[in-house]
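With the hints as a guide, bring both chains together as one complex.
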Amino acid sequence: EAQVTQNPRYLITVTGKKLTVTCSQNMNHEYMSWYRQDPGLGLRQIYYSMNVEVTDKGDVPEGYKVSRKEKRNFPLILESPSPNQTSLYFCASSQQGSYNEQFFGPGTRLTVL
Amino acid sequence: AQTVTQSQPEMSVQEAETVTLSCTYDTSESDYYLFWYKQPPSRQMILVIRQEAYKQQNATENRFSVNFQKAAKSFSLKISDSQLGDAAMYFCAYNTPLVFGKGTRLSVIA
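Going down the list, the protein sequences come from chains U and F. Numbered by the working numbering, the letters in the first sequence go through residues 1 to 113 in order. Numbered by the working numbering, the letters in the second sequence go through residues 1001 to 1110 in order.
The set of hints was computed from the structure by calculation and includes no laboratory data. Some hints here could point you the wrong way.
Covered stretches of chain U, as calculated for chain F (at least 3 residues, CB under 8 angstroms) [what the hints assert, rightly or not]:
1. 43–54
2. 72–82
3. 103–110
We put the beta carbon where it would ideally sit given N, CA and C, even for glycine.
Excised from the complex, chain F in its bound form (with noise of 0.2 angstroms):
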């Protein structure tokens, strides 16, 4: 069975600095989907980023990149300039099915 591992239970940044969220995952299949959604205190689940396996260029979305190292089963968040609003819970997922890691819990500090 796919699983997904964040290792990382809490992190904390200050506001403007760069942090980096850490995702590992196990499959056998060649071509798949990963993503990281975030959940601020509302509960609301939101899509950062979107990245598929076949593409070599690392995914980006404004302040939001990613680090994905395939032969590694690594795909890593970095979010720079951070902001108050970046405080959520942070979860990566990979497809297919679709399997979400355990969560990150990100502060951060003004």
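In isolation and in its complexed conformation, chain U is listed as follows (with noise of 0.2 angstroms):
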């Protein structure tokens, strides 16, 4: 089955404590981004990338680090957590390029104490 995954759904943590929210892919696309949705904001990009290799900062990078090794895996990490980042986080991927239709994630609530 064509899906995009996350892990963890569901994390609780503290200030300060490093944490990777995983994603992965099956349908080898090129196009995976990192979006946070907060009420009232709608969805924000964190980071995107257009390929192996290839990453970019989206329009709320602060505090987050992404990187894009392989093709199917696109990670996004909290170096150092704040409650401000507070959030619900969707992963997508893409054929090519952001213009085809975007496959999300089901997204992973994270809450920082």
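This is the structure in structure tokens:
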């Protein structure tokens, strides 16, 4: 089944404790991206990747890191999480570019205490 | 920077009726793409419809259609014969880069 998977689905952590949210797709998509969703703000792009070893900042990259060492994986790293990073996070992938349909993962609910 | 505005935070519609969700965007580009995504209570993001700006014809997918007014930078979504399963958050999005509006929460009344 074609899908985007994210892990974990739910995470409660404390300020400053490094964490990684994994994202994997099995559709051989070139383009992958991360979004955060906050009430009243819609979805905002954190980082995106056009292909392996190519990443770029989105609208809200501060406090996040990403890497794209393999085509299928695009982990999101919070080196020192803070409470303002409490949010719902989505990973998405698409063929070639963001002008194609984005396939979204199920979301990760992160709470930073 | 490109912006996408959804002026209706919440809307409601009677089952079987028609509802239109509004979206405007701001861009200086001539070639771009527009999307409507649906997010039901399950939180899964689902593509509803996609419009290519260089195409004059409005996109249609079953009960969902758009009214694309390029000069006015308007991209509204019309849902015909509304069903209970249409209740969700709807996000308008512009590309490139991919920018989402803040969403419209649609309720369907039985």
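Coverage assertion for the stretch 43–54 of chain U with respect to chain F, Cβ distance below 8 angstroms, three residues required: holds (count 4)
Outcome, coverage of the stretch 103–110 of chain U by chain F - at least 3 residues whose beta-carbon is closer than 8 angstroms to one in that chain: This one holds; 3 residues, not fewer than the three required, reach chain F with a Cβ under 8 angstroms.
Per-stretch coverage check for the stretch 72–82 of chain U, three Cβ contacts closer than 8 angstroms to chain F: As far as the stretch 72–82 of chain U goes, the hint is violated, because 0 residues have Cβ atoms under 8 angstroms from chain F.
In the structure shown, a violation is registered for the earlier hint numbered 2 alone.
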